[in-house]
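Going down the list, the sequences are from chains C and R. Using my numbering, read the first sequence as starting at 1 and increasing by one per residue. Using my numbering, read the second sequence as starting at 1 and increasing by one per residue.
Read the hints as simulated data drawn from the structure, not as lab findings. Even glycine gets a Cβ: it sits at the ideal position worked out from N, Cα and C. Mixed in with the good hints, there may be bad ones.
[To be verified] Label-pair ranges, simulated between beta-carbon atoms:
1. Val5(C) x Gly30(R): 23 to 29 Å
2. Lys390(R) x Arg139(C): 34 to 40 Å
3. Val266(C) x Glu368(R): 55 to 61 Å
4. Ala143(R) x Ala302(C): 34 to 40 Å
5. Glu220(R) x Leu150(C): 37 to 43 Å
6. Lys390(R) x Ala377(C): 26 to 32 Å
7. Gly339(C) x Glu368(R): 36 to 42 Å
8. Gln370(C) x Thr131(R): 49 to 55 Å
9. Lys46(C) x Asp343(R): 52 to 58 Å
10. Glu220(R) x Ala381(C): 50 to 56 Å
11. Gly339(C) x Gly135(R): 53 to 59 Å
12. Lys174(C) x Asp343(R): 48 to 54 Å
13. Leu100(R) x Gln370(C): 27 to 33 Å
[To be verified] Calculated lysine-lysine pairs in the BS3-like style (CA-CA distance at most 30 Å, straight line):
14. Lys174(R) x Lys56(C)
15. Lys306(C) x Lys174(R)
16. Lys390(C) x Lys267(C)
17. Lys306(C) x Lys56(R)
Number of protein chains: 2
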Amino acid sequence: MSSAVSPLAPKTVPDMPVIAGVRLATAEAGIRYKNRTDVLLAVMDKGTAVAGVFTKSKCPSAPVEWCRAKLKGGKARALVVNSGNANAFTGKTGRASTALTAKIAAKAVGCSESEIFLASPGVIGEPLDATKFDGVLGRLAEAAEPGDYLAAAKAIMTTDTFPKVATATVKLGKAKVTINGMAKGAGMIAPDMATMLSFIFTDAPIAPAALQALLKSGVEDTFNAVTIDGDTSTSDTLLAFATGAAAEHGAPKIGRASDPRLKAFVKAFNQVLANLAEQVARDGEGARKLVEITVEGAKTKASARKIAMSIANSPLVKTAIAGEDANWGRVVMAVGKAGEPADRDKLSISFNGIRVARSGARDPDYDEAQVSEAMKAPEIAIKVSLGLGKGRDRVMTCDLTKEYVAINGDYRS
Amino acid sequence: MSSAVSPLAPKTVPDMPVIAGVRLATAEAGIRYKNRTDVLLAVMDKGTAVAGVFTKSKCPSAPVEWCRAKLKGGKARALVVNSGNANAFTGKTGRASTALTAKIAAKAVGCSESEIFLASPGVIGEPLDATKFDGVLGRLAEAAEPGDYLAAAKAIMTTDTFPKVATATVKLGKAKVTINGMAKGAGMIAPDMATMLSFIFTDAPIAPAALQALLKSGVEDTFNAVTIDGDTSTSDTLLAFATGAAAEHGAPKIGRASDPRLKAFVKAFNQVLANLAEQVARDGEGARKLVEITVEGAKTKASARKIAMSIANSPLVKTAIAGEDANWGRVVMAVGKAGEPADRDKLSISFNGIRVARSGARDPDYDEAQVSEAMKAPEIAIKVSLGLGKGRDRVMTCDLTKEYVAINGDYRS
């Protein structure tokens, strides 16, 4: 668990500005980990809008069910995240534990339980002893301050090797608004849902329904385009909170996602999501290579996505990349098994810009030594051209290394 | 490539009887491997019926396309298998190479090219130099004898650590008939197709259409219920040859798969397929544990299959088993991501007969030490009860070890 920081970690961490209306605090509650923070409390001002997208798992965790239910109110006052225990598949105890955590948090913050949002990454199936929150959340609510997002990102880590934060500042009307985000990832990450855990905070005054629409659209090419191992967590949660505090210095109140004044905001919002999603791929368990897979010339974008994901989730492609082997034959295999329209004799494949296959066969100009050299890079771009249509998509993943097996063979025991 | 024999290899190898009408020969053609046999020629008597099922890959290999086309004739005189080069994704060269191999084989055996069947497991994308077969196949046709099936199974190996053969003898009418089979497997194995490579030989007089129906039905719960890594090869081929020689000593000629006289034969035929399929799982690349996953109480058998495959292909489940960790939370995850009907609160899960979860939570009687001990066994049975209906299915897989990553990171280079 104390693995070194991923070699793919971003070289710099951005300075995270404060967001008016958001206060943060972290603590060591000893839920699972020792000698590190494992609880985050974010307290939001009254009137904060909330939106969320969640795992599509048929067996979601108790906190996911809680959040889904509370999202209908559209308002949030607090977010409680504890790392190390997913409180998933814990039966009635799990639901009781979630309700008790919300009750404790609501009392600490002074709000309704329906304004409390919860997330718990970590081991599935271990009952979460929510009584440990008693006292802790009260102290955190008092200590909460406008600000240390990096400390907050550290408190939500499980097998992550580095904290993941991103920020953007953009004009909304004539006012400056800020978007901050944090994420945790590492393993059990695949789309078909929202994401692992990620929380976005902004002072922009955006109504819940509009925020929900932005979030739903934003994840499609960001968090949903990232896969580590094709495994989908029961706890994946992405929540966005908009305090609206920027209205005080002139930001217009936004009621609809289609509002043209949102254009720059949407771009910045999606960049924050994309940045965090890429960091998740960069911290894939045991990852040594960041892999970007672009599929073009597919019949449709959806078809391109399916083929890209088939490549991204192929153990044989991922182990070849770990071995710095431009094994394009396995890419062909993964294209073939996706079940989407593909014509072997029109396929072209390149690794880091070097075309290795075209028209259904090895590229005659393909120089093994040149490609081998290119495969040593920490970032590998695989491009597949199908030559059938205009469908194009891009997903991010990482390689499959012995360390992934070690991390996941030893995780619980 | 010279890995030790899988610890899961069968303890004994059956004596393989001869099959009247089938002669075998192997040779070292130096296609890829040195100092080992890499070409198999099987010569069948005139009138031999053939049936086949193949990969569902959208990018099949040239030999698969060849076999599919020739299957329409229903008759076979020879099978040529070369290991080490898949002749897949080799463009026009690949098709020409396949045609040339068939031409050389037809001349050697003295038959029509349309009675030649071909298979080539190995690296994708490397042109196969069929001229290497010139001479070799002629010598093999002369040397072919009624059989060393174990030698034949050895000649078709790639990353396999042991040859895979199975046999059964059964009454058809009042005559004794024999079914012999061989397979190669190891990696790039997932269903949604026929199988890796497997060849079945029998002296039973069964017409092509009936044999095809038997084969199609037989793979469903055997080869199609095995997965190593969820990756589907472009070359997967399962061919069955029925020489009909047993008619000479009284076996009835069978024209329809529904013929009631076939009952015992079908059972034995399916046992041979199941035996070979299990051996493939036992020789999964890097495998240290054979894993049987049974899902019951699903809405339908198809739903149970989908959930079982989701568990079998989950890297997190497979690495946990490699780590001898009864991490049933990951089984819940895999059930949830399958997208099939499942009710978290009705789920029960057991490992090797020990129930660890029931009714949506940890089994109160679950003894970690007892389960940990059970997980040390080389064979792990995971049973999931959904409690929704009568759908039941079973699939076989293996664990995901560091050796899998090593084998597949170094395979081509």
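Among the hints numbered above, which are violated by the structure, and what are their numbers in rising order? Hints 1, 2, 3, 4, 5, 6, 8, 9, 10, 11, 14 and 15 not satisfied by this model.
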